[in-house]
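Using the hints provided, position chain X relative to the given structure of chain A.
There are 2 protein chains.
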Amino acid sequence: MSDTLAPGAIIGILGGGQLGRMLAVAASRLGLRTHVYEPGADAPAADVAYRVTTAPFEDTAALGAFARSVDVVTYEFENVPTAALDLIESIRPIRPGRNALATSQDRLTEKQFLQRLGLKTAPFFAVASRADLDAALAAIGTPAILKTRRMGYDGKGQVRIMVPADADAAFAALAGAPSILEGFVPFAHEASVIGARGLDGSVAAYDPGENVHDSGILRTTTVPARLSAAERTDAVLIAARVLNALNYVGVIGVELFVTPYGLIVNEFAPRVHNSGHWTQNGCVIDQFEQHIRAIAGWPLGDGSRHSNVVMENLIGNDMDRVPALAAVGAALHLYGKREVKAGRKMGHANRITGPAH
Amino acid sequence: MSDTLAPGAIIGILGGGQLGRMLAVAASRLGLRTHVYEPGADAPAADVAYRVTTAPFEDTAALGAFARSVDVVTYEFENVPTAALDLIESIRPIRPGRNALATSQDRLTEKQFLQRLGLKTAPFFAVASRADLDAALAAIGTPAILKTRRMGYDGKGQVRIMVPADADAAFAALAGAPSILEGFVPFAHEASVIGARGLDGSVAAYDPGENVHDSGILRTTTVPARLSAAERTDAVLIAARVLNALNYVGVIGVELFVTPYGLIVNEFAPRVHNSGHWTQNGCVIDQFEQHIRAIAGWPLGDGSRHSNVVMENLIGNDMDRVPALAAVGAALHLYGKREVKAGRKMGHANRITGPAH
Chain A
1 MSDTLAPGAI
11 IGILGGGQLG
21 RMLAVAASRL
31 GLRTHVYEPG
41 ADAPAADVAY
51 RVTTAPFEDT
61 AALGAFARSV
71 DVVTYEFENV
81 PTAALDLIES
91 IRPIRPGRNA
101 LATSQDRLTE
111 KQFLQRLGLK
121 TAPFFAVASR
131 ADLDAALAAI
141 GTPAILKTRR
151 MGYDGKGQVR
161 IMVPADADAA
171 FAALAGAPSI
181 LEGFVPFAHE
191 ASVIGARGLD
201 GSVAAYDPGE
211 NVHDSGILRT
221 TTVPARLSAA
231 ERTDAVLIAA
241 RVLNALNYVG
251 VIGVELFVTP
261 YGLIVNEFAP
271 RVHNSGHWTQ
281 NGCVIDQFEQ
291 HIRAIAGWPL
301 GDGSRHSNVV
311 MENLIGNDMD
321 RVPALAAVGA
331 ALHLYGKREV
341 KAGRKMGHAN
351 RITGPAH
Chain X
1 MSDTLAPGAI
11 IGILGGGQLG
21 RMLAVAASRL
31 GLRTHVYEPG
41 ADAPAADVAY
51 RVTTAPFEDT
61 AALGAFARSV
71 DVVTYEFENV
81 PTAALDLIES
91 IRPIRPGRNA
101 LATSQDRLTE
111 KQFLQRLGLK
121 TAPFFAVASR
131 ADLDAALAAI
141 GTPAILKTRR
151 MGYDGKGQVR
161 IMVPADADAA
171 FAALAGAPSI
181 LEGFVPFAHE
191 ASVIGARGLD
201 GSVAAYDPGE
211 NVHDSGILRT
221 TTVPARLSAA
231 ERTDAVLIAA
241 RVLNALNYVG
251 VIGVELFVTP
261 YGLIVNEFAP
271 RVHNSGHWTQ
281 NGCVIDQFEQ
291 HIRAIAGWPL
301 GDGSRHSNVV
311 MENLIGNDMD
321 RVPALAAVGA
331 ALHLYGKREV
341 KAGRKMGHAN
351 RITGPAH
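Top to bottom, those sequences are chains A and X.
So that you can map any letter, position 325 of the first sequence is 325 in the working numbering, and since no number is skipped, the others follow by simple counting.
So that you can map any letter, position 59 of the second sequence is 59 in the working numbering, and since no number is skipped, the others follow by simple counting.
No lab work stands behind these hints, which were simulated from the structure alone.
Please note: incorrect hints may appear among the correct ones.
Rough simulated footprint, nothing fancy, chain X against chain A, three-plus residues with beta-carbon under 8 angstroms [to be verified]:
| no. | stretch |
| --- | --- |
| 1 | 7-21 |
| 2 | 276-288 |
| 3 | 301-308 |
| 4 | 342-353 |
Straight line, CA to CA, 25 angstroms or less: simulated SDA-like cross-link-like pairs of lysine to any residue [stated by the list, open to error]:
| no. | chain 1 | residue 1 | chain 2 | residue 2 |
| --- | --- | --- | --- | --- |
| 5 | A | Lys341 | X | Ala9 |
| 6 | A | Lys341 | X | Ile10 |
| 7 | A | Lys341 | X | Tyr50 |
| 8 | A | Lys156 | A | Ala172 |
Footprint (simulated), chain A over chain X, 3 or more residues, beta carbon under 8 angstroms [stated by the list, open to error]:
| no. | stretch |
| --- | --- |
| 9 | 20-30 |
| 10 | 320-334 |
Since we're looking at a predicted model, the values are computed, not measured.
Each residue gets a CB set at the ideal place from its N, CA and C atoms; glycine is no exception.
For reference, chain A alone in the conformation it holds in the complex (with noise of 0.2 angstroms):
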């Protein structure tokens, strides 16, 4: 384990909020510390790291003092400023690197990296002015959906066009923003993979899990997924060769739709993915501790799971439910949010289904 953290070490984590918040639990099991830079108060991850940081992220002061203070920095969310980034990379390393953030944060980048790879998306076009979705929409035809560049999450800065005619609205929708439009995918079901790399190169993958959403908003993940052995190995390959692409270090949950002719990807996230916090009770070493143990350079888990889970979400009013939930034993994640706000993600509950099949 030569390159690699010694307990006692501190991993730098930009961004405090619930995945922060469990990358730092995952960290104190392997007696590593953390220093959370988050730019908002009360954050999620600050009631279990060692150390915090409030500050935005142009203090450029703050983010240099941030940086000396650890061993390395990993990120849990991709909008962090690029200024920011240079900063820090001056000084420490960050994991996953940083072709893997410029990639992801830009669909139309992204949607052209997986296609290099030879895998399958949705067929997509750059849209920068009225015109091009014209023409777009013409090649694509409806329905589609336009979807900013950047800055979307949880269904966020994206629009749907049923019919031509509502290109107009669309198009204002997003007020002019770089986007792309995409054609809609006919799928039988969502999944995704939550995939590994190693400092050393080793990869490493979770069964896939099957997801539901609703309002561009993740609601279950339920593992086992309904894919046949070969949609299996087949996510799991995707992954690899993503992860290998980017020599990823960390990490990454690639979202897949499952259609009769094949896998499509959706797109990808550089970090632990909402889809794979099943991993917490369904295996031994989690998706937060394997992107730990990833960035430490410690070797990572193998994957196994050793139960069938279903993950749900709990999102605003669903806090009502946590006594009833605690009452029959479901392993409950709370992530301490003060206000509870409509559409806002609470917390989650993972509940055992039976040993691993």
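Frame of chain A; chain X shown alone:
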């Protein structure tokens, strides 16, 4: 769930060792925060606590501020000074309650309590003087073991008397501290049961584990233990009897000797217990979360277990084996202690050995 802590509430923990560390992590899963009170610097629990007070137990101002800042107080070790507990209890509830502490802090009181409940213990006599020791030895015979009534843990504060001629040296070794002489129990093996009692009086228990000690320190716990169905039931009933008699709230660890003539109670600890660490990877709700659920007034988990587990303590230089253990996918739980010392518990490793049977 009346009288329960809501997410965001703060649990005070007296003691900042590894048990406090893992309690803090469990609390975070339920959206609760922790405030750790610990006299020593670099406390393992401080890495993952929301707040830390570093002050001696004699600092009444610090103790008062600590108590007022939290919603309920628990402890991770039994030897908190009585005056500190008195002060805290005047401000906030302490769970488990003072009677559990008072009973378990004194080996004589504890043994008498167990006897009153009709539970089997090793034969014992109080030893306050050299003459008491002679009388006790005459009654019990040798081999026997002389133990201080207070402050014993991990084999400290006890000395074996193999033949009557050892009596002088044994008495001198304990420097005249109030003690008890215990007869040796010829046992097949050691087991323990981790029980819990909720604020509503409900009781739950995990499957008993089988323990191997070396020089008074726990080395491994294996689940399931080699016990008959009747012994398994007895173990749970013993835990329940102790819990109910103490009107207990929280997790308790009860150590047992397995003998041909039934289970003999060695001692109990009014807290999460080293022999319950296997629950972190064998159960959906582990002993740390179970303790937090109990003291927070939440429903208890039912103790169900999905896997067979072998827990191994990593003591002193066992830390050199961490890279090898990480490479074979063991679940590591390291305590973040800055310095490796001989005999010091540095972490533990859980290996799943198969589905529960």
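Checked hints:
1. 7-21: Since 3 is at least three, the answer is holds.
2. 276-288: Since 3 is at least three, the answer is holds.
3. 301-308: Holds, because 5 residues of the stretch 301-308 of chain A bring their Cβ atoms closer than 8 angstroms to Cβ atoms of chain X.
4. 342-353: holds (count 3)
5. A:Lys341 to X:Ala9: It holds: about 19 angstroms lies between the C-alpha atoms, which stays within 25 angstroms.
6. A:Lys341 to X:Ile10: Holds, at roughly 22 angstroms.
7. A:Lys341 to X:Tyr50: 23 angstroms, holds
8. A:Lys156 to A:Ala172: Judged against 25 angstroms, a Cα distance of about 15 angstroms means the pair holds.
9. 20-30: With 6 residues in contact (Cβ-Cβ under 8 angstroms with chain A), the coverage given for the stretch 20-30 of chain X holds.
10. 320-334: holds (count 10)
Checked against the numbered hints listed earlier, the structure breaks none of them; every hint is satisfied.
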